Every structure is written in structure tokens, then in C-alpha cells.
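K.L.:
What follows is each chain in one-letter form.
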Amino acid sequence: MTTPSTRQGFLRRRIPATGFWSWITTVDHKRIAKFYGYTGFTFFIVGGLEALLLRLQLARPENAFVTPAEYNTLFTMHGTTMIFLVVMPIAAAFMNYLLPLMLGARDVAFPRLNALGYWFFLGGGVVLYSSFILASTGAPIGGFLPESVSRLGSAANGGWFMYPPNSGPQFSPGSVIDFWLVGIGLAGVGSLVSSVNLLTTIFNLRAKGMTLLRMPVFVWMSMVVNFLLLFSIPIITVAIFMLIFDRQFGTQFFEASGGGDPVLYQHLFWLFGHPEVYILILPTMGIVSEVLPVFSRKPLFGYAAIVFAGIAIGFLGFGVWAHHMFSSGIGPIAQVAFGLSTMTIAVPTGIKVFNWIATMWGGKLRFTAPMLFAVGFVAMFTIGGLSGVTHSVVPADWQQTDTYYIVAHFHYVLFGGSMFGIFAGLYYWFPKLTGRMYHERLAKFHFWTMMIGFNLTFGPMHWLGLQGMVRRTYTYDADLGLAFWNLMSTIGSFLIAVSVLAFMANWIDSRRRGELAPMDPWDARTLEWSIPSPPPEYNFGELPTVKSLDDFWYRKYTEDDEGRPVRRPEADALLAELEATHAHPKHRPHLPAASVFPPLAGLSALLFAFGILYHSTGLGLALILVGGVALLASLVSWGQEPVEEEV
Amino acid sequence: MDSFKPAGPQAQRIYDLSTPVFIIAGIIFVLVEAAVVYASLKFRDRGDAEDPKQIHGNNRLEVLWTIIPALILLGVAIPTVKAVADLTTRPENGLQVEVTGHQWWFEYTYPDQAITTANVLVIPAATPIDLVMTSADVVHSFWVPRLAGKRDVIPGQTTFLKLEADEPGEYWGQCAEFCGLSHAKMRIRVQVLTQIDFDAWALAQQQPAFEPTAGSTAAEGKDLFLGRGCVACHTIQGVSDIAATPAPDLTHLASRNVIAGASLDFTQADLHEWLADPPFVKPGSYMPNLGLTSEQIDTLIAYLEILK
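Protein chains in written order, with the working numbering: chain A, 1 to 647; chain B, 1001 to 1308.
Pulled out of the complex, with its shape left as it was, chain A reads as follows:
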């Protein structure tokens, strides 16, 4: 391929088609999805290692495996990593990869914006983790550190919720909190632009005939998630800016002695933080809603109910934030109101769970790895959902909040739910992504060790919490009777680690040596299975037309008088024809050209972010200047880029 190089605007454009630079400058949604996926999984390993260190510290009472400063950093970074750098980007990977394929589109609506979203997210991760090398904690004014804080303790230590005044300038004078704030802010910009892009994609790039109620449930859930991102990311951004201003420029938004209000931060944080919970779980609810019907050989039970339940969860998700603050400074009326609104969320959630079970009911269930993880999701998420309902009983929550009972609850939702759903999706779409099959036996080993390890790790935490074990404590007394279940929990966490190793081995080996996968290995229902595996760069050689929900299935199957599916005689010929059409289109489809400006803008923003962190030094001011000018230049050049490449 040629490497056209033209001068356009301020900067020179080079658009290589293969090799390293073709990946850096790519705007292909499938490549960007891989970026998100591999980056997210790398952080999953890092966050998992942090968790193992935490569990080692808690394996015995009064243990001294890590120092208190290290422990506080580890739990802060574990939570921050798993939420912002693992589940969110991996969900973004699924949405990026699948939305165009499921909608019958050649790419997303704004391919360059899509790339920009990734680079901003990556920049946020870099800032957060550079903290371990660059930042310092510093003792609070008048306080004394027991020893110099190691590098392992040199990242944010205020908890992922980062409540002031503890995270404010007086009690956290070092730079670790600033690194956290700037990193999260930067990653947030990425999520925001990505949500605009994906929403536009869903609304504007649907295949001919694909009305909203013919969209796969995964697309629906992605839509809800991106609306949640669009409305909630600005709120956390405001809170972050206010806290940065308090820390750096002497404002007193959250400083009580200056007339500020620390509880205001809590409201802002959770007004983002609760929708965030649904941002983490809804994509995987979408994945499970795709996997269960395929491996039950039945359509999804109550498609419309599941879709509208998802929308309801999205709406209600903005009206329950103060249930994170039942023991905080809010009055009884507010407590009751938020308790009741929280209870209502159980209704649409219940609808989903019951409809999933009804989908399985009477089906013909094939327990492949994706199905195992999807059923595991339903079983584990139910536990997290039920413990969630017990929090809505406000006085009960006064006992439960800030204890290990909560830790158990949200790990059942975010690990037993989100992560199980993610693994279901990774195995399910592995053949589409790579063109090869994974090793089924190893995948089943992965499932069962993870299932047992997960329950051994987090099940006992329910009990520990109700027994009085408080969260975020680096030690606990021997005479409280908490030792046994803490040790079990630690053992369980290492079982999870074993299961993750099995997954990695499977992934790496199957990519190279797995059996070649056909176009439609699962006899599936949605459009991504009607194109070759892996999909060509342009996805569809000819854009599809859709006549019903699960259109691809109904092109393969009709129903007999009893309502049982009967494979159409022409189905095999149809598949062969589709494969040929999409692999060798008559006209080579036009694709958006690669662009160097999204990564350039991302890099400039990263320099700018470091400039903010060092704004009191000459280097910092230089970085702000260079980064700012470069960011502006790349955006202007971006605007002047030709839409299509002349070849």
C-alpha cells in the first residue's frame, strides 16, 4: 500500500496502512476496540495484583505485610483502577467493536472522535499510574509519618470516593491526590466524547429497516449507558475541578471553616457515582441478553420488557444517589425518599432476572463457556441485587454501610455481575474477533475456578461486615473473631488469580493455534454473525437490510406449526453467499481515512495535564504552553482534514 503524505493545515499528515503507525493513527472501530480491550485487561491484572496484596495484608489479624500508608494507597488504586480503567474501557471495547457490526454499519459515526476518546482514556491511566513514580504523599500539617513512604504508597490514598476534607490541602498536602484528580478528569473527557459518538452511531447508522425496537438488547443497553455517561461525567468533572481549585488555588468549596460544605462534594460525587454503577453493569446485562437466547435456542423472553427495564434503571439511577449517604448529614425526609427510590430500582432489575430465567426455561441449553458465564452472571448478580435491597432499608443500612457487607455487595454486582458478563462476552465473540475458536475445556476450568474462588473470596465478607468489620482498615484486632473468614477470603482471591491465568493462557494460545472458526459458529441471531470471522476492515461488503428483530436468525429459520424452529433449506447457501459478498464486495467500500490528529491531541492533552500538575514550576508552565498550543493545532488541523482520502 502507498503512504500518501499531504500537507494540510498546520501539520503534515502521514497515513500508513500497515505496521505500527497504522495502529497509532487508526480510526477503525475494531482496532480501537482492541486498544480499549487490551489496555483494560492490562489494568485488570494490575488492579488484581493490588487486590492480592490487600488480601495478603488481611489474611491474619494485626498483620504487617504492607504498611498502613501502602494499604490505603492500594485500596484506593484498586477501586479506581477496576472502575475507571478496567470495567469502563472493557465495556467501551465491546461497544466499539459490536455496535457497528450489530447495527449493520461500516464504522461509528465519528471515527476520529472515537480514537480521541481512547487516547484521552489512556492519558488518564498514564497520569494515575505515573503517580507511583512521580508523586509524593507528604504528612498532614502537624502530623508525623511513621517512616518515609515507599513507592508502593505513593499514589492516591483517599479512597476512590476521595471525600474532602481528608483529600483536601490540609490533610493530604502531597501531590498524589492531584495526580488522581487530573487523571480521572482526563479519562472522563475520553468517556464523554466516546458517548457522543456512540449515541450518534446508534441513532444514525442503523441498517435499513432496523427500527429502534429491532435493535439487539446489547445495543439498547449501550444506548442507556452512553446517555448515563453523557449526563454523569460532567458532574464528576465539576466535583474534580472544585477539589483541584480547593487544593491548588485556595478556594473553599468544601472547606467548612471557610463556609464551604464537605457534604456538597458527597452529593456531587454520588450523583455521578450511582449512575456510574449502572454504567458498569448495563453493558454486561446487554451481553448476557445476547448470550442466553443463542445458547438456549430460544428468543429472548420479553424483549420489550428487558429493554424498557434497562431504560427504567437508567432513569432511576439518577434518583438514588443519596443512598450512599444514609449515615451522612442528610435529614430523615431525604433518607426516606432515597430509601424508597432505591427500592423501586429492584422492580426493573427483577424483571430482567426473571426474563433471563424464562429465556432458559424450556430451552435447549448448550453449556459452552459463554453460557456458563452468562448463567453465572444471573446467579451471582441476583445475590448482589438482593443484598442491595437490604441497603434500601435505611436503618439497616446504618449498620451495613462502610462495612465489609457493602464490599461483598458490590463485588457480587461488579465482579459476579460485570466481570462474569465480560468473560461471557469475551468467549462468545472470540471466534468473531480472531477467526479462531478458544479451548473449551480450559475455558470451563476458568469458569469453575473463578466461580468457586469468587464465592470463597466475597461470600464471607457479608458475614464479616455484619460482625462489625469496617472497610478501609489496614488491620483488625485478633480478639474480634474475624480471622478465620478473612483467611478463607484471601485463599479465595488466589483461586481467582489462578482462573485468570487460565483465561490468559487460553486467549494467547487460541489466537494462534485455535481451530479456525466459521462465520456463524454458535448458530446465532444478530448481524455480526452474518459477516466473515474476523470481519473485513469495512465490516459489510453490502449493507444489510433488516425486516425484524433477530433478522439473521429468521433468514436461517422458520417455525413449524408447534412453534419450533425449522432450518430453511436455503440456509447453508445463504451463509455461503453472505460470506462471499462480504469478503469480496463488488465495489470496495469507502472507509474513513486514518488520522494522526486524535493521538496527537491525546498526547498534547497529556502534556497539558502534567503541566497542570507542575504548574508552580517553570517546567510545568512550559508543558501547559506546549501542550495547549499543540492541542489547539491538532484540533484545527483535524477540522481541515479531508473527509475521504484521494487514492
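Hints were generated in silico from the structure; no laboratory data involved.
Don't take each hint at face value.
Claimed, not checked - Cut-off 35 Å, straight-line C-alpha distance, at most; resulting in silico cross-link-like pairs (DSBU-like, lysine-lysine): (1) B/K1005 - B/K1308; (2) B/K1053 - A/K208; (3) A/K444 - B/K1053.
Claimed, not checked - Footprint (simulated), chain A over chain B, 3 or more residues, beta carbon under 8 Å: (4) 1057-1065; (5) 1107-1116; (6) 1131-1139.
Keep in mind the model is a prediction, meaning the values are calculated, not measured.
Backbone N, C-alpha and C define an ideal beta-carbon position, used for all residues, glycine too.
Put chain B on the given structure of chain A with help from the hints.
P.N.:
Structure of chain B alone, referenced to chain A:
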């Protein structure tokens, strides 16, 4: 520390409210999981079955499993609302105690009795206690699981917590909101006395500190206390009076059975450990390591032990 063993009406009320909720949740849990397991076993593809009937949904069923959970939740909501109303009402004729959260210890002031103490909250049994709480630094949370739920302690705000203990005894608690480096060591001890014992305790607390006899080791210890700067932060009534102290009032230190944010006991060994290096015992501690020799520490302890 066990929320399953309530020892007062407030904790009991929460226990009585949450127990049926746990039972209902438990029943739903068993039913749902049983359905998942049953479906997984019963409908597993054994290779011989024909493809299943294609059922797209069932409006009646779906309405049913929308309405039934809603009704169950309504049943849970009504007692919840009532319990919130009852538990957040401040007691009218109880004992008022002002609680101030510090990094990392709780200070207790009894306005009617003019008593200030720390680490141990002493209350009479069978009397409603009206805790009026605020924080001197960051957000803390006051939690004694066997007596009541938790309530945050917030700088610039006043929060209230009602609690009551049925019987004399000792109850453990801990700060529940992450409050910095030594959050794990910010413990709470509640000592519940009979009304007679409480009155005697209050009378004793209102006296000035005991004076050591001249020439004793305790007297040397007092000189150390005055000479090594302890008085800069700690009040001892009659010895040093600082209006607002950043550190616990030590006037009747020896009447308390815990020190250092209730993380150590009032024993010679623990006192020695604490005084030798406070920031080591409680990381980030605002009490510095004064570099005392072991003999000096013993001398100081001799003084502290007479402060009954």
C-alpha cells in the same frame, strides 16, 4: 462488635426491622437460584431433544413478576419509614453528650456535668443518650454496632445520634468513615454503668487532678510532663489549662481503660509502647516521638497512673 447481638432499644429496633428483610431476601434468593439450577439441569442439551418452542414472552407472567416484587417492597417500605422517623427523633429527657471527632480519637464532653474526656464514652444504663456530634478535622463516623447504627461526624455540621444500652457493660465500636492514615486505629469504647455508678463517676470526673506526693516518682513524672512539652497539647485540670486542646484531656486518664484512640489498653506495657513512639503505634499521629528514654517513660507512667 456484632450487629446481630443488639444491646439497646435502637440497635434492637434495627435488628427487628432487618431480620424479616433478610428472611424475605433469603427466600427469594433460594427460589431464584433454585430456578436457575433447575433450568440448567432440566433443559440441558443432551443431544437428542428437538429444538424448543420459540416463546417470545408472556404478558401475564411478566406483569405478575413486576407486581409481586413491588408489593413485597411496599411491605418493606412502610416499617422502614416508621423506623427512620422513630430513630431520628432526638430524646427529650436523655443525657446529652457532645462528641468531637479528631484524627484519630473521639472526644466526649458532657455539657450539663461540665466533664471533658476522651476515648471512653461513659453512660448510664437504660437512659437515652443524645449524642451531638461534630468534627474538628475530617469526616468520621461514630459506630457502636451493638447500640445503634452509624452516623457521620462532619466538620462544620452538627449531626445527632440516639443510643441507649439496656445493661451495664462494655461495648466496642470503631470510626466507620475513612479518615486518613490511621483510620483503622480509631476505635470506640462505651462503658455503661448503673445510674448510681455513673453519678459517682461524674462526681469524680468533676474534681481537679490528683497531685503527686512530693519526692515521689510520680512527682518526677509530673516535672517531665511539664518540662517535655506535653502540656502544649494536653490539659490536666489544675496543672495546665488550655482553652481548646488538640489532644485528649488527661485530668482523669487513669480512670479510663484504653488509650491512643481506644486502640491500646491502659496498662504499663501499652503505655510504654505508646509513649516510646506514638507515630509508630498510630501512623500519622499528631503526637510526636519525644525521644524519651525507657526510664523517663516509666517515670512519666508513674505520674499518669495517679490521674484517677
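K.L.:
What hint numbers does the structure not satisfy?
P.N.:
5
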